[in-house]
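Enquirer: Single-letter residue listing:
There are 2 protein chains.
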Amino acid sequence: MAKQEKEFVKEITPQSEDYSQWYLDVILKAQLMDYAPVKGCMVIRPYGYTLWENMQQRLDKRIKETGHLNAYFPLFIPESLLQKEADHVEGFAPEVAWVTHGGNEKLTERLVVRPTSETIICEMYSRWIQSYRDLPVLINQWCNVVRWEKTTRPFLRTSEFLWQEGHTAHRNEEEAEEETLKMLEVYRDFVENDLAIPVIAGRKTEKEKFAGALRTYSIEALMSDGKALQAGTSHNLGEHFARVFDITYLDKDGELKYVWQTSWGVSTRLIGALIMVHGDDRGLVLPPLVAPTQVIIVPIAPKKAQAEVLAKAQELYNELKEAGVRVEMDDREEYSPGWKFNEWEMKGVPLRLEIGPRDLQAGVAVLARRDTGEKETVALEELAERVPALLTEIQKNMFAKAKRFMEENTHRTDDYEEFKQIVAEKRGFVISSWCGSDACEQAIKEETKATIRNIPFHLQDEKPGNCLYCGKDGKHLVYFARSY
Amino acid sequence: MAKQEKEFVKEITPQSEDYSQWYLDVILKAQLMDYAPVKGCMVIRPYGYTLWENMQQRLDKRIKETGHLNAYFPLFIPESLLQKEADHVEGFAPEVAWVTHGGNEKLTERLVVRPTSETIICEMYSRWIQSYRDLPVLINQWCNVVRWEKTTRPFLRTSEFLWQEGHTAHRNEEEAEEETLKMLEVYRDFVENDLAIPVIAGRKTEKEKFAGALRTYSIEALMSDGKALQAGTSHNLGEHFARVFDITYLDKDGELKYVWQTSWGVSTRLIGALIMVHGDDRGLVLPPLVAPTQVIIVPIAPKKAQAEVLAKAQELYNELKEAGVRVEMDDREEYSPGWKFNEWEMKGVPLRLEIGPRDLQAGVAVLARRDTGEKETVALEELAERVPALLTEIQKNMFAKAKRFMEENTHRTDDYEEFKQIVAEKRGFVISSWCGSDACEQAIKEETKATIRNIPFHLQDEKPGNCLYCGKDGKHLVYFARSY
Chain A
2 MAKQEKEFVK EITPQSEDYS QWYLDVILKA QLMDYAPVKG CMVIRPYGYT
52 LWENMQQRLD KRIKETGHLN AYFPLFIPES LLQKEADHVE GFAPEVAWVT
102 HGGNEKLTER LVVRPTSETI ICEMYSRWIQ SYRDLPVLIN QWCNVVRWEK
152 TTRPFLRTSE FLWQEGHTAH RNEEEAEEET LKMLEVYRDF VENDLAIPVI
202 AGRKTEKEKF AGALRTYSIE ALMSDGKALQ AGTSHNLGEH FARVFDITYL
252 DKDGELKYVW QTSWGVSTRL IGALIMVHGD DRGLVLPPLV APTQVIIVPI
302 APKKAQAEVL AKAQELYNEL KEAGVRVEMD DREEYSPGWK FNEWEMKGVP
352 LRLEIGPRDL QAGVAVLARR DTGEKETVAL EELAERVPAL LTEIQKNMFA
402 KAKRFMEENT HRTDDYEEFK QIVAEKRGFV ISSWCGSDAC EQAIKEETKA
452 TIRNIPFHLQ DEKPGNCLYC GKDGKHLVYF ARSY
Chain B
2 MAKQEKEFVK EITPQSEDYS QWYLDVILKA QLMDYAPVKG CMVIRPYGYT
52 LWENMQQRLD KRIKETGHLN AYFPLFIPES LLQKEADHVE GFAPEVAWVT
102 HGGNEKLTER LVVRPTSETI ICEMYSRWIQ SYRDLPVLIN QWCNVVRWEK
152 TTRPFLRTSE FLWQEGHTAH RNEEEAEEET LKMLEVYRDF VENDLAIPVI
202 AGRKTEKEKF AGALRTYSIE ALMSDGKALQ AGTSHNLGEH FARVFDITYL
252 DKDGELKYVW QTSWGVSTRL IGALIMVHGD DRGLVLPPLV APTQVIIVPI
302 APKKAQAEVL AKAQELYNEL KEAGVRVEMD DREEYSPGWK FNEWEMKGVP
352 LRLEIGPRDL QAGVAVLARR DTGEKETVAL EELAERVPAL LTEIQKNMFA
402 KAKRFMEENT HRTDDYEEFK QIVAEKRGFV ISSWCGSDAC EQAIKEETKA
452 TIRNIPFHLQ DEKPGNCLYC GKDGKHLVYF ARSY
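Order-wise, the sequence lines are chains A and B.
When the letters of the first sequence are read in order and numbered with the working numbering, they come out as residues 2 to 485.
When the letters of the second sequence are read in order and numbered with the working numbering, they come out as residues 2 to 485.
No wet-lab data here; the hints were simulated from the structure.
Hints should not be assumed to be uniformly reliable.
Where chains are identical, the list cannot tell them apart; a pair therefore holds if satisfied intra-copy or between any two copies.
Unchecked claim - Calculated pairs, BS3-like style, for lysine-lysine (alpha carbon to alpha carbon, straight line, at most 30 Å): (1) Lys40 x Lys30; (2) Lys421 x Lys304; (3) Lys464 x Lys322; (4) Lys183 x Lys322; (5) Lys258 x Lys473; (6) Lys476 x Lys107.
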């Protein structure tokens, strides 16, 4: 038995038995990633990386359509630059990797491997920006970043990860705030429509905002184990960095002013979200819009009909490829059809196309959906039309299903006892009233491990009740959850 | 006067006066890059990065069409892994950046910031490859790498640069050699056809091969100052790494064998080549296939005809965009048409479209080519057809011109006195006979600074004369040049 086959027949741990183990089983068996010989780092294998490329491509298009251009800033940041913004350094210094030697020589100043690039980008912006004519500056960067994490989990929290970070500079608060919210909306649109993951958009609390930001906004998703995951953030940095990096511009009125800045990012963490929102006990379930392979053709070809079946399968492959479908053919002889079905289901391919001698005679093929398991028989001449339509349907259904799950697992209470019970037993989101104090937020976190995910936009016009914890007047309705 | 304008009117240093300064002037003024606050590192600005993205996209397509998939391996390599292959560590250890601390803690083992990824990839391949069924492994990676260079020059030699590195594993020498040459040919095709840079393809000498390789092949280009630039390399690694990383597979015949490996890469260095092959005293000249902007529309709109001219310019913009042309419009009011002409010429935009009130009346526009300076008047209704045709013509002409330059600057002699004179005075490539000894190669390098660029494929059937240096029987005809 081949190595690959041996590995496959080891079952995936069921979600209900051990969710964490299920997650690790799936990503390793689907060959999304592998552990690297460096603590907390990962190798993103071709199947996982192709998924990431598809995600990148679709998000990058949106980033460019909103007027941003990509650029590249250095990996290394001199220690003195990182030190400049007080909150920022406090937030990041404990978790950075330090370069101390180049070749055989000790460096005169230590370098940080970027954990995020605000500081080095601000240093450049202070050189580039002089006049209101230079604004807005709308730049994005796709790169690797490093945060020396104590506890790591593939895709969700790794010492090195891939992301995009947008960094913009504007004339005033209004323009900066508009940009911050526009990019949050870009993320919401991308995550909901392309990744089929419903999210709650809102503002982070003071305690949970980005180190150095004025205001942080986030989109928050719910994993199928009832824990939340921050799927993307967008920060209005105010003038905080401009003041320490001296980024000023001469405005139309002849006055020298500080720019207002934003930054925003999503990362390979989203791959973790995809797995946990859509996956099941048979493995991955990938949304068609980003799946590396959208359709896998499995010819069922007993020896005597082999030539005909393979010829027709090849014809269908060409036809679907022509129609712009990401299709692959599995004509390996050393594996049985049943084994192949399992493998491609485990890899989350949205649609399987089966064709055997009887189908050939009847002029049909069978399409099997990964999301529902449903099968349908389709006339061969209708495939090129039916397959794209079905992929669209699967995409929609995956979102609807995830949305239903999120709604069913969103609870609402201002009663702390009930809250504690929900958080401990049912999990999911809990909408509660909060007085706005750090103290209550901190106490709830310590007692229940639930944190405020964000102050959601969609409830901001609703009057809150009394604070869940202290009972005083509530200031906001917020989403609580235990989170990754 | 705006900052931008002030900067622009500082002239670019003429090539004939100071070629190095011309190079730096052009890249800074065209905003391809800027110096970073870290020694030897650069910021690739949006204009430079968009150029890189266009190059990436076209090369990535070829890499995928030849069966490779992208993946991502960690930035950090444990010291012990780098140490494994003796030649490799000797080649790279003196120029790596060392990470010694994570957060506040000293690491138990130092980490290298990857200078190239053979070692960490081999470590993974030794886990992944078991059977002949797992071969070939065809993986590519786009990433940043770091080499702590003493002397740096933007794009050509920087402490951090961006590149792609392919890493493949095969059953035997024949397949590995086929892959090595196939990827060299991919590079030749990309560099000649998309970057319009003619190259000499051939094999590197033992002395100049990659640290750890069995054989290295390269493509070599000639810059307009007569110095050569290695534009891409492809290595047959033999079993060297497989033996030290224990990458074995069970072959069909039941025997356990070492894999044969290859690696190959091109980098942001190619941007430097683009600048130096095509640029002139007015700035960049970019080949249409990779230019961020292919056509710049400059409306010439005196106040009284402004509305009409701008409306027609917008119409042409839409039409060209529709036709798939990367077109931009410069309708800034604060700059004169003449100033705009200079700026876009400096930025190397292949084609300028001018339209003024008289053109409008005559139903025409003027197209000005960056490569030749020629202007032609085209009827408006023919633009959508003429522009793409002209872009193709420009691409071809740029290659032909560069090829002519290379040929005119390729000399041939087996007389060492004449050789020295050519290298010192005329520069360019010199084709000479060489006995194959390290000693002669080294002596020539020390005495003339000229190195053997490669042993070209196209002369391998021709009988060499006597060795340029020692006068013994020549073994190869080789290309010499001073190089970057």
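Enquirer: None of the hints should be skipped; say for each whether it holds.
Expert: Outcome of the hint check:
1. Taking the shortest Cα distances, Lys40 and Lys30 sit within 30 Å of each other inside one copy (21 Å), while across copies they are farther apart (43 Å).
2. In this assembly of identical chains, Lys421 and Lys304 lie within 30 Å of each other by CA distance neither inside one copy nor across copies; the values are 62 Å within and 71 Å between.
3. In this assembly of identical chains, the alpha carbons of Lys464 and Lys322 never lie at most 30 Å apart, being 54 Å within a copy and 50 Å across copies at closest.
4. Only between protomers do Lys183 and Lys322 lie at most 30 Å apart by alpha-carbon distance; the minimum there is 25 Å, versus 35 Å within a single protomer.
5. Taking the closest pair of Cα atoms, Lys258 and Lys473 never come within 30 Å of each other, the shortest separation being 41 Å inside a single copy and 74 Å across copies.
6. For the identical chains of this complex, Lys476 and Lys107 are neighbours neither inside a copy (53 Å) nor across copies (45 Å), given an alpha-carbon limit of 30 Å.
Consistency note: the structure conflicts with the earlier hints numbered 2, 3, 5, 6.
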